[in-house]
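Engineer: Keeping their order, the protein sequence lines are chains V and U. Take 1 as the starting number for the first sequence in the working numbering and just add one per residue. Take 1 as the starting number for the second sequence in the working numbering and just add one per residue.
Worth double-checking, as some hints may not be accurate.
Simulated crosslink set (BS3-like; lysine-lysine; CA at most 27 angstroms straight-line) [claimed, not checked]:
id	chain 1	residue 1	chain 2	residue 2
1	V	LYS41	U	LYS55
2	V	LYS55	V	LYS41
3	U	LYS73	U	LYS99
4	U	LYS99	V	LYS64
5	U	LYS99	V	LYS55
6	V	LYS55	V	LYS20
7	U	LYS99	V	LYS20
8	V	LYS41	U	LYS99
9	U	LYS55	V	LYS66
10	U	LYS78	V	LYS41
DEER-style ranges, computed between Cβ atoms [unchecked claim]:
id	chain 1	residue 1	chain 2	residue 2	range
11	U	LEU84	V	GLY53	24 to 34 angstroms
12	V	GLY1	U	GLY85	13 to 23 angstroms
13	V	ALA72	U	SER80	43 to 53 angstroms
14	U	ALA72	V	GLY53	14 to 24 angstroms
15	V	ALA2	U	GLU29	16 to 26 angstroms
16	U	GLN14	V	GLY53	46 to 56 angstroms
17	U	GLN83	V	HIS7	25 to 35 angstroms
18	U	GLY85	V	LEU26	43 to 53 angstroms
19	V	HIS7	U	GLN69	37 to 47 angstroms
I should point out that these hints are in silico values taken from the structure, not numbers from a laboratory. Heads up, the beta-carbon is just placed ideally off N, CA and C, and yes, glycines get one too.
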Amino acid sequence: GAVVSQHPSWVICKSGTSVKIECRSLDFQATTMFWYRQFPKQSLMLMATSNEGSKATYEQGVEKDKFLINHASLTLSTLTVTSAHPEDSSFYICSADPSRGGETQYFGPGTRLLVL
Amino acid sequence: AQTVTQSQPEMSVQEAETVTLSCTYDTSESNYYLFWYKQPPSRQMILVIRQEAYKQQNATENRFSVNFQKAAKSFSLKISDSQLGDTAMYFCANFGNEKLTFGTGTRLTIIP
């Protein structure tokens with residue numbers, strides 16, 4: 001149980017285009033989902049907290065207009081990287097929490113984004 | 001602000017040996033949780049062990065156990081009878097103030 005999926009697992013796009021990444025909780029409902037970014041050989045950095053039916057809460061330094069988050073249902077959150085540039089290339093990981101509080105996070109397998 | 005420090009960037013140990021990974025943290029929260037996550041080459045984050053700060057008893061999960069020293073803000077992970085499949089990045093993390101903060105990780109290699 002407690003499986004989280006991400007789609008796509010790999011995406012290559014041209015600079016200036018937008019990319020959408022989906023995060024789904026497959027066997028539980030998640031009021032809260034989280035989006036992280038991981039650069040090569042570095043740790044995970046929280047980008048934003050996504051709550052179903054409300055606006056996402058972004059961490060300091062994360063551009064909300066560039067990283068659009070939509071948590072449309074209790075099982076789906078999406079991250080859209082708008083007007084992507086090479087510096088946005090990274091590994092994006094989502095997590096979902098069935099307990100509402102955030103202390104029980106199940107992680108997705110991640111999405112590798114390469115912007116050319 | 002929460003911080004998590006892992007002072008060992010890399011470690012290696014012979015198969016079947018015991019290894020201890022260090023972690024210290026700082027938080028102003030009175031109620032928080034501590035975790036060790038494993039990230040193998042596939043990059044899937046896997047929960048290894050979890051500790052509630054209000055519990056004095058150290059958490060254990062099969063070959064994995066922690067030494068939680070609350071006053072010292074220390075949370076080390078001991079892996080007993082290490083196996084080749086334990087080779088991975090290990091991240092210590094602290095959940096408090098509604099967010100999870102990760103350390104910089106320790107790359108553990110199990111040598112056959």
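Engineer: Taking the hints in turn, state whether each one holds.
Structural biologist: A quick look at each hint next to the structure:
Between V/LYS41 and U/LYS55 the alpha-carbon distance is near 33 angstroms, which puts this suggested pair outside the 27 angstroms criterion. As the CA atoms of V/LYS55 and V/LYS41 are separated by approximately 31 angstroms, the hinted pair breaks the 27 angstroms bound. For the proposed pair U/LYS73 and U/LYS99, the alpha carbon gap of about 18 angstroms is at most 27 angstroms, so the pair holds. Proposed proximity of U/LYS99 and V/LYS64 is supported: the alpha carbons are some 18 angstroms apart, at most 27 angstroms.
Among the hinted pairs, U/LYS99 with V/LYS55 is consistent with the structure: their alpha-carbon atoms are about 16 angstroms apart, no more than 27 angstroms. The suggested pairing of V/LYS55 with V/LYS20 holds, with an alpha-carbon distance near 17 angstroms, which does not exceed 27 angstroms. Proximity of U/LYS99 to V/LYS20 is assessed by CA-CA distance (about 24 angstroms); at most 27 angstroms being required, the pair is judged to hold. About 22 angstroms separates the Cα atoms of V/LYS41 and U/LYS99, which keeps this hinted pair within 27 angstroms; it holds.
The hinted pair formed by U/LYS55 and V/LYS66 fails the criterion: a straight-line CA distance of about 41 angstroms is larger than 27 angstroms. For the proposed pair U/LYS78 and V/LYS41, the alpha carbon gap of about 23 angstroms is at most 27 angstroms, so the pair holds. In this structure the supplied range 24 to 34 angstroms is violated for U/LEU84 paired with V/GLY53, their Cβ-Cβ distance being about 45 angstroms. One distance hint, 13 to 23 angstroms for the beta-carbon pair V/GLY1 and U/GLY85, holds here, with the actual separation near 22 angstroms.
Checked against the hint of 43 to 53 angstroms, the C-beta distance between V/ALA72 and U/SER80 comes to roughly 45 angstroms, which is consistent with it. Look at U/ALA72 against V/GLY53: about 42 angstroms separates their beta carbons, and that is not inside 14 to 24 angstroms. In this structure, V/ALA2 and U/GLU29 meet the distance hint of 16 to 26 angstroms, their C-beta atoms being roughly 25 angstroms apart. Checked against the given bound of 46 to 56 angstroms, the beta carbons of U/GLN14 and V/GLY53, roughly 52 angstroms apart, stay inside it.
Between U/GLN83 and V/HIS7 the beta carbons are some 32 angstroms apart, a value that agrees with the proposed interval 25 to 35 angstroms. Evaluation of the 43 to 53 angstroms hint for U/GLY85 and V/LEU26 yields a failure: the beta carbon distance comes to about 25 angstroms. In this structure the supplied range 37 to 47 angstroms holds for V/HIS7 paired with U/GLN69, their Cβ-Cβ distance being about 42 angstroms.
When held up to the earlier numbered hints, the structure conflicts with 1, 2, 9, 11, 14 and 18 and fits the remainder.
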